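A.B. asks: Spelled out, the chains give:
There are 4 protein chains.
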Amino acid sequence: MIQDWEGFLLPYEQAVAELKVKLRGLRPQFDQLNQQTPIEFVTGRVKPAESIKEKLIRRHVDEERIEQDLQDIAGLRIMTQFVDDIYQIVHILRQRTDMKILEERDYVTNAKPSGYRSYHIVIEYPVQLVTGEKKILAEIQVRTMAMNFWATIEHSLKYKNNDGFTDEISEHLRTLATQAYQIDEELAQIRKEIQANKEEE
Amino acid sequence: MIQDWEGFLLPYEQAVAELKVKLRGLRPQFDQLNQQTPIEFVTGRVKPAESIKEKLIRRHVDEERIEQDLQDIAGLRIMTQFVDDIYQIVHILRQRTDMKILEERDYVTNAKPSGYRSYHIVIEYPVQLVTGEKKILAEIQVRTMAMNFWATIEHSLKYKNNDGFTDEISEHLRTLATQAYQIDEELAQIRKEIQANKEEE
Amino acid sequence: MIQDWEGFLLPYEQAVAELKVKLRGLRPQFDQLNQQTPIEFVTGRVKPAESIKEKLIRRHVDEERIEQDLQDIAGLRIMTQFVDDIYQIVHILRQRTDMKILEERDYVTNAKPSGYRSYHIVIEYPVQLVTGEKKILAEIQVRTMAMNFWATIEHSLKYKNNDGFTDEISEHLRTLATQAYQIDEELAQIRKEIQANKEEE
Amino acid sequence: MIQDWEGFLLPYEQAVAELKVKLRGLRPQFDQLNQQTPIEFVTGRVKPAESIKEKLIRRHVDEERIEQDLQDIAGLRIMTQFVDDIYQIVHILRQRTDMKILEERDYVTNAKPSGYRSYHIVIEYPVQLVTGEKKILAEIQVRTMAMNFWATIEHSLKYKNNDGFTDEISEHLRTLATQAYQIDEELAQIRKEIQANKEEE
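Chains A, B, C and D, in that order, are what the protein sequence lines are. First residue of the first sequence: 1, per full-length UniProt numbering; consecutive thereafter. First residue of the second sequence: 1, per full-length UniProt numbering; consecutive thereafter. First residue of the third sequence: 1, per full-length UniProt numbering; consecutive thereafter. First residue of the fourth sequence: 1, per full-length UniProt numbering; consecutive thereafter.
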């Protein structure tokens, strides 16, 4: 049994703080290169102890396996303007030598049954502690602003509202996710048109 | 002619820094009151000198009237999950005694011709400088995440792309703005349903 | 009995966050005016619930009077290079219209028996909450880097070491405080000399 | 000739931002281990382009060799309470695998002629850019709060005051540095006494 949750979570806090600075630091580099930045904004959080405990019970995970089995204790999120930008960021993350990608899950092309879309990357990231190096698992989610908007609201509607959340409502939300994604696709199309119009001249 | 733009913008930087801390500070208060927070996130920026100069020329504003006529040199943005939340925030801002509302423009109910939606509030905000108090104009934009997503991308598509930006594309973007707003309205509807379902039990 | 300490401390957290931004914001203004800044750095903290509880017991303060009687729940600290700078800052704080000075205690001229030196200002500061305005007491300590260095180490030596802390050691620390203050005074003297040398030319 | 100083300094900005988060992150770990933290506070800065240009001229450094020859473009500073803490931090830095120590200069034991004391470490630190990894030189200075207080004021007195800065004043400042260091040594002595007194019981 983990007694000291604050102590347990400290390396995760450190990993999130470092990764936020690292990922946010990419943005001005695109400006500098005079390229349209694929990164709109970056957020990060450590899963609260209460949510971890719930998840352990829900998923029947043994506390000894918590560090290997829970991959999203440290979580980062990168928001993009366009769907294509997601894959550009994934490509950049794959080049980095300060983290090791363990797993990639493309929920952009293949949405979850709920309608949720995002690109998930699980990384192993070394944190330098006073007591030496510790390898931490972290999850980086890459998504457009439209995907993020839908996911945020769906989460907020579901949270603490299990009773009121009917199948009909799930179905309705799934439809809205599809509509949001269509807007994303049309915007990508518009970007291409503008580019083509400019080159024509 | 303003020679020292850095000096000119310093009080605006200060106003934005203070207002960001003040507006972000509202969020944990809702958590504390066990209420769903109407604030998803807050951003702020000072208009760069270059953009101010352009705007002065475009709008034929005399440099002497810059402080009265340019209301968005200091800009804050509050993002909400739901359309209703916008009006809750506007209500809270009206109660504050540390700023004075000079003007409100409701582009939520009445979208701009481009399709743009947001609630704009122009405030007068006193900054305490080493040399005494200075009253600053600032603009607070309140919008849902969906409105923000559309506005961000529309701005990014327009910016530096005037040549490629045809009437057809403007029309297409206007349609997408309407679609995004319909999603917002359906989500508001879903929230009400969930609430009703819970109360029924 | 205060049950919800987090809720109780939230307005104090807000006050400290706002005052840190406000006081730090003074520094670039001096640069801008081409004046030597009297502010080296600014720190702030909210007294932890545990320390508040201890102090209530130690001072026999009734919990109902906590907000009036404990003046340092919200604490700010401004560090200066020179002793004179302390008084310049005090002067500037007195001009501000966003806070009301309730009390000033000059432990710079009149050190505490321990040897401690600092200028203490108790202010009343209005915080705008979701539920309306709330007036908060806060303490601003202004001190030179030398005073800060001594005070930090004395506090750290005393803390949790009551047993090992003999009268002899207190006496020794008092002597070191005096020596640190002499250095402060000689540095002030050197600054004057340099100024005089420059004007002579 | 470097044309684009902003672009040149960007990787240094990134290195400083990352190292600040990394070094500050050590502090709560000591609290967690229930050990007295050797880190009081951490600061960081990138040398402004103007100061780099001056230094290149003053030291006759060719601009092509700027990245190898200027080791303090990226600068970090760790302040401790006690002299011993400096060596504890140096020991911890030597264990880290995310930076490589190129050089150590112990100006703590052997003060500079001016009286200046600090422990300097030059590191090579890899930054992950959009364009790939780039190795950056950075200088970490470790010093007590007393050393920092003296160094800050000496720098501030010297800066822009070359004319008024006589040999006599240099000599006076050197004496004050020695006095500040004696205070440091006596404080270390007091810490040992307190520890001994506690163990005796």
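Hints may contain errors.
Identical copies look the same in the list; a pair holds intra-copy or inter-copy alike.
[Unchecked claim] Within a straight-line C-alpha distance of at most 30 Å, the following computed DSSO-like cross-link-like pairs (lysine-lysine) qualify:
id : residue 1 : residue 2
1  : K192      : K100
2  : K20       : K55
3  : K100      : K198
4  : K160      : K135
5  : K160      : K198
6  : K135      : K198
7  : K47       : K20
8  : K112      : K20
If you are wondering where the hints come from, they were derived from the structure by calculation, not from laboratory data. Please read these numbers as outputs of a predicted model, since none were measured by experiment.
A.B. asks: The structure should be examined with respect to each hint, and the outcome stated for every one.
C.D. replies: Evaluation of the provided hints:
1. K192 - K100: neither (33 Å within a copy, 44 Å between copies)
2. K20 - K55: within (24 Å within a copy, 33 Å between copies)
3. K100 - K198: neither (40 Å within a copy, 45 Å between copies)
4. K160 - K135: Classified as neither: same-chain Cα gap 34 Å, cross-chain 34 Å, threshold 30 Å.
5. K160 - K198: For K160 and K198, the Cα distance is within 30 Å only across copies (10 Å; inside one copy 50 Å).
6. K135 - K198: neither (48 Å within a copy, 38 Å between copies)
7. K47 - K20: Both ways: K47 and K20 sit 15 Å apart in one copy and 24 Å across, limit 30 Å.
8. K112 - K20: within (26 Å within a copy, 36 Å between copies)
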